[in-house]
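Peer 1: Residue numbers (my numbering), protein chains in the order written: chain A, 1 to 113; chain B, 114 to 227.
Quick caveat, the hints were computed from the structure, so don't treat them as lab data. You may find that some hints are simply not true.
What the simulated footprint calls covered on chain A by chain B, stretch by stretch (three residues with Cβ under 8 Å from a Cβ of chain B suffice, anywhere in the stretch; the number is not a length) [stated by the list, open to error]: (1) 31–44; (2) 52–65; (3) 101–108.
For glycine and all other residues, C-beta sits at the position ideal for the given N, C-alpha and C.
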Amino acid sequence: ETGVTQSPTHLIKTRGQQVTLRCSSQSGHNTVSWYQQALGQGPQFIFQYYREEENGRGNFPPRFSGLQFPNYSSELNVNALELDDSALYLCASSLGYSEAEAFFGQGTRLTVV
Amino acid sequence: QKEVEQNSGPLSVPEGAIASLNCTYSDRGSQSFFWYRQYSGKSPELIMFIYSNGDKEDGRFTAQLNKASQYVSLLIRDSQPSDSATYLCAVNILVREYGNKLVFGAGTILRVKS
Numbered sequence: 001e002t003g004v005t006q007s008p009t010h011l012i013k014t015r016g017q018q019v020t021l022r023c024s025s026q027s028g029h030n031t032v033s034w035y036q037q038a039l040g041q042g043p044q045f046i047f048q049y050y051r052e053e054e055n056g057r058g059n060f061p062p063r064f065s066g067l068q069f070p071n072y073s074s075e076l077n078v079n080a081l082e083l084d085d086s087a088l089y090l091c092a093s094s095l096g097y098s099e100a101e102a103f104f105g106q107g108t109r110l111t112v113v
Numbered sequence: 114q115k116e117v118e119q120n121s122g123p124l125s126v127p128e129g130a131i132a133s134l135n136c137t138y139s140d141r142g143s144q145s146f147f148w149y150r151q152y153s154g155k156s157p158e159l160i161m162f163i164y165s166n167g168d169k170e171d172g173r174f175t176a177q178l179n180k181a182s183q184y185v186s187l188l189i190r191d192s193q194p195s196d197s198a199t200y201l202c203a204v205n206i207l208v209r210e211y212g213n214k215l216v217f218g219a220g221t222i223l224r225v226k227s
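Using the sequences and the hints given, assemble the complete structure.
Peer 2: Written out as structure tokens, the structure is:
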């Protein structure tokens, strides 16, 4: 158990809809990163939040957006869902933006139909 | 060239043998290297990290780093069927002036046969 919790664990959405995924970071961790893992691939970096500010972004379109709250929990929002957005979405928390060790939550399995 | 490359496997080893997993990376500036284990349908679990050239041992696991060759490996001694999983190699890369992200390989499937 890493202390990082994500909700929901599974989700089915229709193409074109919007989705919000949630993450509570490990106690004491102020940095949250989101990753997308397609089947058979390694996780891909979406973005990172540090103290409520976006701190870096991967190669994902603007319809992927996020938030971090004062308690360091975080949300990932995806608009206009596409079939290719079907994946395991992982949240990882770390002690600080310069701290490389990251601990993952159990993930949210998103299926877009 | 992919930033982090791993042989997809599957790598099959008999129970009790040494499993050797390899990874190469392209960013010479990378300073931190990680091995994650991922069981089917689960999230990645951090098992080892290494920052300095050489070997780092933790129980049955040994991570090896050679920055000159841009090569990281993971050895699992006395392999057990419960070690059967996908092993992900990850390299830490800076984003902007600060902050960091992990760049992952696609993973190597390990199967330990009893």
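Peer 1: Would you list, in rising numerical order, the hints stated earlier that this structure does not obey?
Peer 2: Hint check: nothing fails, all pass.
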